[in-house]
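**Student:** If you're matching them up, the sequences are chains P and D in order.
Taking numbering that gives the first Met the number 0 as reference, the numbering of the first sequence is continuous, increasing by one, and the terminal residue is 344.
Taking numbering that gives the first Met the number 0 as reference, the numbering of the second sequence is continuous, increasing by one, and the terminal residue is 405.
Keep in mind the hints are simulated off the structure, nothing from the lab.
Mixed in with the good hints, there may be bad ones.
Partial list, derived from the structure: chain D residues whose beta carbon lies under 10 Å from chain P [unchecked claim]: (1) Val57; (2) Pro64; (3) Gly109; (4) Thr124; (5) Ala140; (6) Leu151; (7) Ala163; (8) Leu197; (9) Gly201; (10) Pro210; (11) Val252; (12) Ala256; (13) Gly391.
Note that CB positions come from ideal geometry on N, CA and C, so glycine has one too.
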Amino acid sequence: MNDRPGIFVHGIGAVSPAGWGMDAFRNALAAGVPIPAKDLPRPGWDKPLTVRSSPAPTPRPAFLAHPRLRRTSPIAQYVVATALEALGHDAEQAGRNRRLGIVFCAMSGCVNYSRRFYDETLKDPSTASPLVFPETVYNAPASHLAAVLGTTAINYTVVGDPGEFLVGISIAADWLATGRVDGCLVIGAEEIDWLMADAMRLFDRKTIVSDGAGALYLKRERPAGAAVQLEAITNAEVFYRGRPRSAAARSMRLALPSNSQSRELLCDGTIGLPRADRDEEEAWADWPHARLSVKKVFGEGFMAAAAWQCIAAVDALQRPGYAAANVSIVGCNQQAIGARFIARQ
Amino acid sequence: MLFPFHYADTPPRVAITGAGIVTSLGLGWAANALGFRSGRVAIGPVSLFDVSRQRVKVAGEVRLPPAPTREDQRLDRAARMLLLAATEAWQQAGWTASENLPLVLGTTSGGMSQGEAYYRQAIQTPHDHRRQASRVVQYRAQQQALTLAERLGFRGPITIIANACASGANAVGHAWELIRRGHAERVFTGGYDALSQLVFAGFDSLQALSPTQCRPFDANRDGLALGEGAAMLTLETFDSARRRGAEILGEIVGYGAATDAHHLTQPHPEGDAALQSMTAACAAAGIAPEQIGYVNAHGTGTPLNDSAEAAAINRCFGAAVGQVRVSSTKSSIGHLLGGAGAVETVICLMALREQWLPPTSTLNEVDPLCRFPVVREPVDAKLDFALTNSFGFGGANATLILRRCR
């Protein structure tokens, strides 16, 4: 057996209920105040649902004029926006060398158009829109992104609960380590629809769903100056009947290294609701360092929230202060999994 | 830990020691082998949902046995097909309950029929929440994976690839890579999808469904037929299989994947990404294309797919293209979407193991674009390598190469 060189973060991008871009994301986290919720009409109900959706961008970004993005629903726009932000100047090279991999992760995925197309089908399938149907497919956002960037390299869309975002990072790291791609984007995204907000209420009436995206741009070579390196991703600790979520959370926490001597950060997935947070809180009860809980500000963004946790960790490490940051994801119905990033000066 | 990785010094060979398959031809290896060997077409009227207002009214439906338990009755149709295929593969391999066994699945729509039922009730009786929570749970693809792991008694990381119609091939390819790189000694993998009203209406709205008969590579082809099903494979290193004394059914030797950025639903007319995918798979396998005896084409039967794939096969095989025999088994069972790549991998395994070729059963007049012989009748054949292509919406392209094990 042999080990391979490290994996470094070369860029991050975010779309969140605070707005489009890292500045809005960073400022909202620094303020630590929950983003105000909005009403979302629910057909058949007098009372609306409450959500935290990402606002429309102002001004409208030029890339949204790309032909492939004309008919897309918000999730594809979030994906492309965060990817371009994470890539920075490398976006121009992606189409030239075509060796930019993409791992797109989602839990609910393209729910706006899926709901709309099925509604059209029920009313009259002969008039259901052929323009809408292709946008319902899970990998539509990743396809649009590849087209915008002009890359033909390997491209996976991975679905699951929010912990799958870290599985996605491990896939990207493997592609990079084996030289399959020169760079790789890992993006987590969701879009709000009344259907998903309605479904969430069946499990927890207090949780406010949100949407947006987060992207990490990974490469093998170390960037100039201060750098953030991926140090570890734990096993995915799966839970189901007979294997409680709390035990999975504890196993994940035990597997995630930490150093009591250095200044460290925990980017956890707690949302401020005791019932939802209990397993994760118990697992990290002994954590002696600082914590950052992105969902307390942005809401339950599922796969987008998992990406936000990682971005918050990387962003903190890119500034003086922390030596390492752990990301803890105790998913809603599949797995507990953690990651650790370290600052390299 | 999922990261950092430890890589094998020498990539191990990857054996298939168990295979399970469910299609409209039947449940299990024997029923499907018999169906393909006889060139049977298992496409018929759709009974699962209302198609009275659709342009096309046929598909390859699986005849599932009655659910044996109340718990099974709650499962989505997709989960039931997945469990049947998985149990067959698991038992054939002789695997037992274990920890840290990775599961890699491909699907496009998970438990879509549960999502449809949720939506109908949410609209028709907005204040009635009965059974809705269960539908939300069963709709998620990860729930089918978790049910599978729970039933067979294993635990490990779950990866679900949703690369449209290439999902199943990507899943098997990803599982193969996990073993080749030394990340796992054994991986359980496959793909599945059930027919659903939304997806059926979607393909019908695109006028991608054949209003006559699905005839891949036919000069007068006019569309695809949808199908449903599942296939699962137990993959392990040769060392692991031999240590257990397991029978090795075949070997996966190559995997390639590429993205076609041309259009969301249409392939590049010259099949650029398909060529890239096949070339990468051959390179991974360390073989020249002319060593491949059979290509199980993606071959949906749509005018655009088959012409692009024919162009890609012509380019990949070059001067040797006249030697490679090609067929599309979608003529018999329809297009299984996320299940297609895994099901067609099992079909290639059958062909290699039993030395026959499955036909494009419905072919009348071969498209002159095809510079390769298209298999029209079931035929015995000697072959050592088989290649299977899977292409999907969004430009997802994946290719797997299998080798016969004597």
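**Student:** Against chain P, run the beta carbon of D:Leu197 and see if the smallest gap drops under 10 Å.
**Tutor:** OK, holds: D:Leu197 within 10 Å of chain P, min 5 Å.
**Student:** Classify the hint on D:Gly109 as holds or violated, based on whether any CB of chain P lies nearer than 10 Å to its CB.
**Tutor:** Since chain P brings a Cβ to about 7 Å from D:Gly109, closer than 10 Å, the hint holds.
**Student:** Would the hint on D:Pro210 be counted as holding, given a Cβ-Cβ threshold of 10 Å to chain P?
**Tutor:** violated, 13 Å
**Student:** Taking the closest Cβ pair, is D:Val57 under 10 Å from chain P?
**Tutor:** violated, 15 Å
**Student:** Going by Cβ atoms only, is D:Ala140 closer than 10 Å to chain P?
**Tutor:** holds, 5 Å
**Student:** Please check whether D:Ala163 passes as an interface residue: C-beta within 10 Å of a C-beta belonging to chain P.
**Tutor:** holds, 5 Å
**Student:** With a cut-off of 10 Å, does the beta carbon of D:Leu151 approach a beta carbon of chain P closely enough for the hint to hold?
**Tutor:** Result: violated, 12 Å to nearest chain P Cβ.
**Student:** Under 10 Å, Cβ to Cβ, is where D:Pro64 needs to be relative to chain P, so tell me if that hint holds or is violated.
**Tutor:** At about 24 Å, which exceeds the 10 Å cut-off, the nearest Cβ of chain P leaves the hint on D:Pro64 violated.
**Student:** Answer holds if the nearest beta-carbon of chain P is closer than 10 Å to that of D:Ala256; otherwise answer violated.
**Tutor:** Holds: closest Cβ of chain P sits about 5 Å from D:Ala256, inside 10 Å.
**Student:** Under 10 Å, Cβ to Cβ, is where D:Gly201 needs to be relative to chain P, so tell me if that hint holds or is violated.
**Tutor:** holds, 4 Å
**Student:** Hint validation: D:Val252 versus chain P, beta carbon distance must be below 10 Å. Holds or violated?
**Tutor:** violated, 17 Å
**Student:** Any CB of chain P closer than 10 Å to the CB of D:Gly391?
**Tutor:** Since the shortest Cβ distance to chain P is 7 Å, the answer is holds.
Checked against the numbered hints given earlier, the structure breaks hints 1, 2, 6, 10 and 11 and satisfies all the rest.
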